[in-house]
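Same order as they appear, the protein sequences are chains A and B. Numbering-wise, my numbering puts 244 at position 244 of the first sequence, and it's gapless, one number per residue. So my numbering is basically just the index in the second sequence, starting at one, shifted up by 1000.
Note that these hints are calculated values from the structure, not bench results. Any given hint could turn out to be false.
Below 30 Å or equal to it, Euclidean Cα-Cα: the simulated DSBU-like pairs (lysine-lysine) are [what the hints assert, rightly or not]:
1. B:K1239 x A:K250
2. A:K177 x B:K1290
3. A:K152 x A:K131
4. A:K249 x B:K1155
5. B:K1239 x A:K155
6. A:K239 x B:K1177
7. A:K239 x A:K290
8. A:K266 x B:K1250
9. A:K249 x B:K1298
10. A:K249 x B:K1239
11. B:K1152 x A:K152
12. B:K1266 x A:K250
13. B:K1155 x A:K155
14. B:K1298 x A:K155
15. B:K1266 x A:K266
16. B:K1249 x A:K155
17. B:K1012 x A:K155
18. A:K152 x B:K1290
19. B:K1155 x A:K152
20. B:K1290 x A:K155
21. A:K155 x B:K1046
22. A:K239 x B:K1249
23. A:K155 x B:K1152
24. B:K1177 x A:K290
25. B:K1155 x A:K46
26. B:K1340 x A:K266
27. B:K1122 x A:K298
28. A:K250 x A:K152
29. A:K239 x B:K1046
Derived, one-sided and incomplete: chain A residues facing chain B with beta-carbon distance under 8 Å [as the list claims (entries may be wrong)]:
30. K161
31. H261
32. N263
33. A288
Computed from a predicted model, the values in this text were never measured in an experiment. For each residue, glycine too, the CB sits at the ideal point set by N, CA and C.
2 protein chains.
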Amino acid sequence: MNTRFLDACWGKPVDRTPVWLMRQAGRYLPEYMRVRSNCTFLDLCKSPELAAEVTIQPVDILGVDAAILFSDILTPVEPMGMRLDFVPGPVFENPVRTMADVERLRIPQMEEDVPYVLETIKILRRELAAKVPLIGFGGAPFTLACYMVEGKGSKEFAQIKRMMYAAPEVYGALMDKVTAMDMEYLNAQIGAGAQAIQIFDTWGGILAPCDYERYVLPYTTRLIGGLDRNDIPVIHFVKGAGAILDIVKKAGGDVMGLDWHVNLGKARDILGPGMAVQGNLDPTVLYAPKAIIEQEVKRILDENAGRPGHIFNLGHGILPTVPPENARFMVEAVHRLSQK
Amino acid sequence: MNTRFLDACWGKPVDRTPVWLMRQAGRYLPEYMRVRSNCTFLDLCKSPELAAEVTIQPVDILGVDAAILFSDILTPVEPMGMRLDFVPGPVFENPVRTMADVERLRIPQMEEDVPYVLETIKILRRELAAKVPLIGFGGAPFTLACYMVEGKGSKEFAQIKRMMYAAPEVYGALMDKVTAMDMEYLNAQIGAGAQAIQIFDTWGGILAPCDYERYVLPYTTRLIGGLDRNDIPVIHFVKGAGAILDIVKKAGGDVMGLDWHVNLGKARDILGPGMAVQGNLDPTVLYAPKAIIEQEVKRILDENAGRPGHIFNLGHGILPTVPPENARFMVEAVHRLSQK
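Next up, chain A with everything else stripped away, as it sits in the complex:
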């Protein structure tokens, strides 16, 4: 098996910089669209054979160094008692607003409530055995709580912030419950065979630094501390956290995911040599001519300046209208330009 990705997570030397792309199994690939044309997004998440198939597609098509489970961060939230739909963005019909709403939430039994996730992982481990490692993932408690309280995506996140400020006991009870669920969910993924875990805190960057430290960090720290890590590296990706990396580091992950709003070299200086990083190409660069893609890949590799512990990735998910050929070229450029 290609161990470049796992080696880089632990800061070990690698022959070439490993690379994968967030949302690499997705709509930009005609092969994905072919599978997806026969079922809904949620059906696809819940069909282990199909989910495994689309998970593997980018490994074969792009030549990436890791696969990531095809699923959605809200998958384990639905069996908590939240009615989920995609229109196409996620919507909960019954958002959480009161202590009674929090009390009604149940913590799923993972083997019974999300068996398809664990089954997908088991299939993938068999099928990827000679290829690349499998990354499992979940939303950070705060990001999951954002969706549960807002009921959908939001620009201002006024509902959850109102709850934080005006009803801290409701907020705390919700976050306790979501964190407990998340811990069981990610540990179930590890139990089923996930070889690394990425925690997506898509909305962690919407807060002031002191609010992140007060309302988010304790829960992510508890979550990471409660994972059956052993030799399982944890990638912690907080979008929009470029100015608070020193605070985010305290959560205890092994690898810091970086969006494209920070200089990767400066981020490494802040984080220190003990922490690996993952990132951080602007996803829209994949719309550019190849000469520009190559120039930007080289720039990021230069910013890293040969330090061990760098996994190349986009700074956010690949966009649905990117030509697959450009994604493949980027992967090839990372490997070629980083070759020792």
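Fit chain B to the known structure of chain A by using the hints.
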């Protein structure tokens, strides 16, 4: 006249920290809604008596230390030849995509094409003479170009980034023209009586640091360098720039606007004692109970630690559903807690 705001822009001592709120003339005020109920948003921008009336409302109602011209950053873009509508967000029917599109754009004659803006400023200077200073404003060239190229708000800004990467000569020609227009527009505001200028770069934070430096900074620097500044301070606000303040500083503004994603004290350490700052309360804090509003005001004042050159503000515009009473309480708290 209350000179607290202007004094703080120049880093001079003040008796209390001056405060105003971005979008302080706006929908959260019933007094504004009363005026607005009889005309469209664009009509209001183009009616000097009415625009002046809503500009003054928050000075009287909230007790803020500065007024800001009621207008829209796209006002001077329309007479460049762009067909503008608000639905309710701004939309251009004829987005700029090619060199021919750029060549068709004209640079407005400000006295003829936006006379209402200059007339509003003249009325305001008379009516505010015994009250507070008047801030004029414009969009940064990049933010204006984003709207002109995308044709509307965007999540990914793929069109303008594509242009930047794949057609740099078109991008450069557009930015040259927008910067020239912007310079004339802001100088016309200064000529009409604006006592400070705020440049809003709402979208400056969407880029990687090196792309900001390459594609945005040169134009904003040229703009600021070309203003008839004399004793007119320039506030430069780039949203989402918390991790690149050292780069943004190079544009040459007198005051750095800060969104709420940075710690104000750390930002001041990065910027140094020669540059004032403006900010940076999370706008959603105004939904919180008064005890929390007071606590957060105090926290930001504490982060500033008595350094001269701090103008209190929100980190972004006030939200339309905030109770005016909470905004008034915030202003009062800033004055009370910062009193020497």
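Hints versus structure:
| no. | hint | result |
| --- | --- | --- |
| 1 | B:K1239 x A:K250 | 26 Å, holds |
| 2 | A:K177 x B:K1290 | 28 Å, holds |
| 3 | A:K152 x A:K131 | 37 Å, violated |
| 4 | A:K249 x B:K1155 | 28 Å, holds |
| 5 | B:K1239 x A:K155 | 14 Å, holds |
| 6 | A:K239 x B:K1177 | 34 Å, violated |
| 7 | A:K239 x A:K290 | 26 Å, holds |
| 8 | A:K266 x B:K1250 | 18 Å, holds |
| 9 | A:K249 x B:K1298 | 27 Å, holds |
| 10 | A:K249 x B:K1239 | 24 Å, holds |
| 11 | B:K1152 x A:K152 | 22 Å, holds |
| 12 | B:K1266 x A:K250 | 18 Å, holds |
| 13 | B:K1155 x A:K155 | 11 Å, holds |
| 14 | B:K1298 x A:K155 | 26 Å, holds |
| 15 | B:K1266 x A:K266 | 16 Å, holds |
| 16 | B:K1249 x A:K155 | 28 Å, holds |
| 17 | B:K1012 x A:K155 | 37 Å, violated |
| 18 | A:K152 x B:K1290 | 28 Å, holds |
| 19 | B:K1155 x A:K152 | 16 Å, holds |
| 20 | B:K1290 x A:K155 | 24 Å, holds |
| 21 | A:K155 x B:K1046 | 29 Å, holds |
| 22 | A:K239 x B:K1249 | 24 Å, holds |
| 23 | A:K155 x B:K1152 | 16 Å, holds |
| 24 | B:K1177 x A:K290 | 28 Å, holds |
| 25 | B:K1155 x A:K46 | 29 Å, holds |
| 26 | B:K1340 x A:K266 | 39 Å, violated |
| 27 | B:K1122 x A:K298 | 53 Å, violated |
| 28 | A:K250 x A:K152 | 29 Å, holds |
| 29 | A:K239 x B:K1046 | 39 Å, violated |
| 30 | K161 | 4 Å, holds |
| 31 | H261 | 6 Å, holds |
| 32 | N263 | 5 Å, holds |
| 33 | A288 | 3 Å, holds |
The structure is inconsistent with the numbered hints 3, 6, 17, 26, 27 and 29, although it conforms to all the rest.
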